[in-house]
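All chains, full assembly: derive it from the sequences and hints.
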Amino acid sequence: MSSTSRRNFMKWITVAGTAAILPKGAKAHGQFDGYPNSYGVLHDTTLCIGCRSCEAACNEVNDFPQPEKPFDDKSVLDEKRQTNDKCYTVVNKYEKDNNAKSPVFRKFQCNHCKEPACASACFVGAFTKTPEGAVVYDATVCVGCRYCLIACPFYVPTYEYDEALEPRVMKCTMCHPRLLDGKLPGCVEACPQGALTFGKREDLIKTAHERIRKHPDRYIDHVYGEKEVGGTNWIYLSGIPFEEIGFHASLGTTPAPELTSGALSMVPIVIGVWPALLGGIYVMTQRKEKIAAEEKAEAVKNAVDATQATANEEMKKASEKAKQNKEKAVEKAVKEALDKATKQSGKESS
Amino acid sequence: MTESNPTVERPLFCRFNIIAGIFITIGLWLTYLRFTGGLGAVSNLDHYNPWGFWIAFDLLCGVALAAGGYTTAAAVEIFGMKKFHAALRPAILTGFLGYSMVAFALLYDVGRPWRLPYPFVVSPGVTSVMFEVGACVALYLTVLFLEFSPTALEWIGAKKLRRIAVRLTVLLTIMGVVLSTLHQSSLGAMFLLVPSKLHPLWYSPYIPVFFFVSSIAAGLSMVIFEGTLAHNSFKDKMDEQHLKSADHIALGFGKGASFVLAAYFAIKVFGVALGNNWHLLGTNYGIWFLVEVFGFILLPCFLFAIGVREQNVKLIRWTAFLTVLGIVVNRLNVVLICFNWQLPADQRYFPHWMEIGISIFVITVGLVIYRFIVTRMPILYEHPDYKKTH
Amino acid sequence: MNEYIHTLQEFMTQTKGMLYLLSAGYLISFVAFWRFLHGRDKEDNPKVQAKK
Chain A
0 MSSTSRRNFM KWITVAGTAA ILPKGAKAHG QFDGYPNSYG VLHDTTLCIG
50 CRSCEAACNE VNDFPQPEKP FDDKSVLDEK RQTNDKCYTV VNKYEKDNNA
100 KSPVFRKFQC NHCKEPACAS ACFVGAFTKT PEGAVVYDAT VCVGCRYCLI
150 ACPFYVPTYE YDEALEPRVM KCTMCHPRLL DGKLPGCVEA CPQGALTFGK
200 REDLIKTAHE RIRKHPDRYI DHVYGEKEVG GTNWIYLSGI PFEEIGFHAS
250 LGTTPAPELT SGALSMVPIV IGVWPALLGG IYVMTQRKEK IAAEEKAEAV
300 KNAVDATQAT ANEEMKKASE KAKQNKEKAV EKAVKEALDK ATKQSGKESS
Chain B
0 MTESNPTVER PLFCRFNIIA GIFITIGLWL TYLRFTGGLG AVSNLDHYNP
50 WGFWIAFDLL CGVALAAGGY TTAAAVEIFG MKKFHAALRP AILTGFLGYS
100 MVAFALLYDV GRPWRLPYPF VVSPGVTSVM FEVGACVALY LTVLFLEFSP
150 TALEWIGAKK LRRIAVRLTV LLTIMGVVLS TLHQSSLGAM FLLVPSKLHP
200 LWYSPYIPVF FFVSSIAAGL SMVIFEGTLA HNSFKDKMDE QHLKSADHIA
250 LGFGKGASFV LAAYFAIKVF GVALGNNWHL LGTNYGIWFL VEVFGFILLP
300 CFLFAIGVRE QNVKLIRWTA FLTVLGIVVN RLNVVLICFN WQLPADQRYF
350 PHWMEIGISI FVITVGLVIY RFIVTRMPIL YEHPDYKKTH
Chain C
0 MNEYIHTLQE FMTQTKGMLY LLSAGYLISF VAFWRFLHGR DKEDNPKVQA
50 KK
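Chains as they are written, first to last, in numbering that gives the first Met the number 0: chain A, 0 to 349; chain B, 0 to 389; chain C, 0 to 51.
Heads up, a few of these hints could be off.
Distance ranges between label pairs, derived from CB positions [said to hold, decoys possible]: (1) B:Lys254 to A:Lys79: 52 to 58 Å; (2) C:Gln13 to A:Lys295: 55 to 61 Å; (3) A:Asn36 to C:Gln13: 21 to 27 Å; (4) B:His247 to A:Ala291: 16 to 22 Å; (5) B:Gly274 to C:Tyr25: 30 to 36 Å; (6) A:Ile48 to B:Ile25: 49 to 55 Å; (7) A:Leu250 to B:Leu160: 52 to 58 Å; (8) B:Arg375 to A:Ala291: 36 to 42 Å; (9) A:Leu250 to B:Asn283: 22 to 28 Å; (10) A:Ile48 to B:Trp28: 47 to 53 Å; (11) B:Leu160 to C:Tyr25: 26 to 32 Å; (12) B:Ala265 to A:Gln192: 56 to 62 Å; (13) B:Ala102 to A:His208: 51 to 57 Å; (14) A:Lys79 to B:Leu228: 48 to 54 Å.
Straight-line distance between alpha carbons at most 30 Å, and here's what the computed DSS-like set of lysine-lysine pairs gives [what the hints assert, rightly or not]: (15) B:Lys386 to A:Lys300; (16) B:Lys81 to A:Lys300; (17) B:Lys81 to A:Lys287; (18) B:Lys254 to B:Lys234; (19) A:Lys295 to B:Lys82; (20) A:Lys289 to B:Lys82; (21) A:Lys289 to B:Lys159; (22) B:Lys81 to A:Lys289; (23) B:Lys158 to A:Lys289; (24) A:Lys287 to B:Lys243; (25) B:Lys82 to A:Lys287; (26) A:Lys295 to B:Lys254; (27) A:Lys287 to B:Lys254; (28) A:Lys342 to A:Lys331; (29) A:Lys300 to B:Lys82; (30) B:Lys386 to A:Lys287.
Hint data in this document are derived by calculation from the structure and do not stem from the laboratory.
Beta carbons are placed, not taken as given, at the ideal position from N, Cα and C, and that holds for glycine.
Now the structure itself:
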């Protein structure tokens, strides 16, 4: 092999190898299409009569205790109810005066989002989006932090606050075990009016838009859950504005994991850069201190030397002066002696 | 122990002990209720409000206020500000005890506390910001323990071990700043997941930066604040160097806090601009936002600056308390007051007295341990055997 | 690693998982690097001190 073709070979091997290792379908954010052929439910609220058969079926399938008021008691609909840790779904009644479409009934349960906020939030991965479409919860790893309750934009998950030692998060499972068995979710099977339609999500979306197209006076031109928070597997049709039947109208279309993706991406940057930055500052500070200490020592030495020099000067002057004084004293003594001698000889000569 | 200050007699039935004893007794009873009756037996938490006073105060405020550990250590060990050395050991102790009490409080809040190691050893949920918070806090607790260890080793006289521990100091400090940056900011980042539930004036892509920057101001202020309290209660334990540098530390940290608060104020304003939320400032929540930003961020910024200019240590000490209060207000806002702001009043949350009781219990335990350590170990004074070796 | 990734959640689980492992590895390597850099510092090494 010549060197150029060998180089090309290495290049292509590297590209092919990398492509083989990298996960396929690793597209840019927002281009994940979810599991193909996953199932969902279309809830057409214009067809719901508030019979609560779905609630009864859900209660039975999940073996929940019987509630205080039985499921055929319609008076409960006079109040807005929430799901709780013994009840995965409720139907609420929404009345509007002077509205021909009033009252409207709407079933509430987990929407089984395509990109669930609960799954993104859970720090033990207790939530899984299954290929069948259901978002399921694993109580065997749950620590009970309840971040999933915080995260869900629909306020779906509930918690067993009265359980001392084994409290669980409770929410609709879309009857996932039944789905694997080829059966319908309990609520869908029980609905006598066809307000709940089970099928592949893509088909249900088409169906929903078809219904809107065929009966434009009957429906608001919006399929709720088609795009909200990145899309949900339970989608809704309504004859009156969605915010009037208990829906949050402005949730946006950003899927939950994208909301924290930016912040999480900064973590490796801090880990990579901070140690070098701080280590560098430390080294620079040490160097500055060392130089400052050296300069100080130098200054001290200079000051000592200067003092010494001055002291030497002084001493020299002093010894000079002492010498001079001594010489003077000697001169004086000599002069005195001479004077004395002169006087003496003068006295003797006279 | 110092020759200059005589030891204060601390009798068994002094005021502190009696009050602490009462709170601890109540706390033990509430613990029994919590683990026999579940969370519902001792709290007002519900399905719409799963996080309450424990998360808002014990956890978020606790972590922010324990930030004095990493900020003081960075100032002394990395930036070489040796003159603040007397503040270092008290700050590390507060950090270590603060984070320990945060972990202790967490045992009450989560449904199955014995499963807390699960994210690391059984099933990591790596897409969760909380996973990162947990990992960083766990690692940082280790760092704090190692930073505290020289004190304990001096106390028991383990000279060789102590020397090894001291040599780790700079590395531990660097790790401490890395881990603190991460978990302080990520406690805020957890709320990025809920744009529909947190009021727009507090929800911002800048939340992680807000939390990190404010943690620095919180840490610096807590060091000043605790220095004031320790001076009142434990003066007899302080050696000459500690007493002499107290005012210098207050002035220095006050100056630093002033800078940080100025930056924090600026980025909070930028956050409003980024979201184009000016029109919300006239609403009730808007006015509350202005109170938080002007009364608890800009005001202490100026008061610290004035205190430094005029060398008014008393003003600095009061401003430190105001800043600490402001951090608490901000964390309570993000978790409780401005969270679920759109829910009708009957669906909003207010703490049960037992939740507050357990929080007080946790803090009391922390204070008792703090007092034990400070009165016996070389925190406020230098151990005579190890003077000038660190 | 070769399965098709269907959701953003799956993608992030893989990438963030890998990043955590790399970050932990880097931090440990940094400790070793630091000790290597300061291996011959005066305070710890009496030989160097004597040389001066």
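Quick rundown of the hints versus the structure:
1. B:Lys254 to A:Lys79: 52 to 58 Å: At roughly 55 Å between Cβ atoms, A:Lys79 and B:Lys254 fall inside 52 to 58 Å, so the hint holds.
2. C:Gln13 to A:Lys295: 55 to 61 Å: holds, 57 Å
3. A:Asn36 to C:Gln13: 21 to 27 Å: holds, 23 Å
4. B:His247 to A:Ala291: 16 to 22 Å: Holds: the Cβ-Cβ distance is about 19 Å, inside 16 to 22 Å.
5. B:Gly274 to C:Tyr25: 30 to 36 Å: holds, 35 Å
6. A:Ile48 to B:Ile25: 49 to 55 Å: Between A:Ile48 and B:Ile25, where Cβ atoms are some 53 Å apart, the hint holds.
7. A:Leu250 to B:Leu160: 52 to 58 Å: Taking Cβ atoms as reference, A:Leu250 and B:Leu160 lie about 57 Å apart, which means the hint holds.
8. B:Arg375 to A:Ala291: 36 to 42 Å: Roughly 37 Å apart at Cβ, these two residues keep to the hinted range, so it holds.
9. A:Leu250 to B:Asn283: 22 to 28 Å: holds, 24 Å
10. A:Ile48 to B:Trp28: 47 to 53 Å: holds, 52 Å
11. B:Leu160 to C:Tyr25: 26 to 32 Å: At 29 Å between Cβs, range holds.
12. B:Ala265 to A:Gln192: 56 to 62 Å: holds, 59 Å
13. B:Ala102 to A:His208: 51 to 57 Å: holds, 52 Å
14. A:Lys79 to B:Leu228: 48 to 54 Å: Taking Cβ atoms as reference, A:Lys79 and B:Leu228 lie about 50 Å apart, which means the hint holds.
15. B:Lys386 to A:Lys300: OK: B:Lys386 and A:Lys300 at ~27 Å, within 30 Å.
16. B:Lys81 to A:Lys300: Given pair B:Lys81, A:Lys300 holds - Cα atoms ~24 Å apart, limit 30 Å.
17. B:Lys81 to A:Lys287: This hinted pair holds, its Cα atoms lying about 13 Å apart.
18. B:Lys254 to B:Lys234: holds, 25 Å
19. A:Lys295 to B:Lys82: holds, 18 Å
20. A:Lys289 to B:Lys82: Satisfied, since the Cα-Cα distance of roughly 16 Å is no more than 30 Å.
21. A:Lys289 to B:Lys159: Distance of about 27 Å is within 30 Å: holds.
22. B:Lys81 to A:Lys289: The hint holds at about 14 Å.
23. B:Lys158 to A:Lys289: holds, 28 Å
24. A:Lys287 to B:Lys243: holds, 26 Å
25. B:Lys82 to A:Lys287: holds, 16 Å
26. A:Lys295 to B:Lys254: Measuring from Cα to Cα gives roughly 27 Å; hence the hint holds.
27. A:Lys287 to B:Lys254: Status holds; Cα separation ~22 Å.
28. A:Lys342 to A:Lys331: Measuring from Cα to Cα gives roughly 16 Å; hence the hint holds.
29. A:Lys300 to B:Lys82: holds, 25 Å
30. B:Lys386 to A:Lys287: Cα-Cα ~24 Å, so holds.
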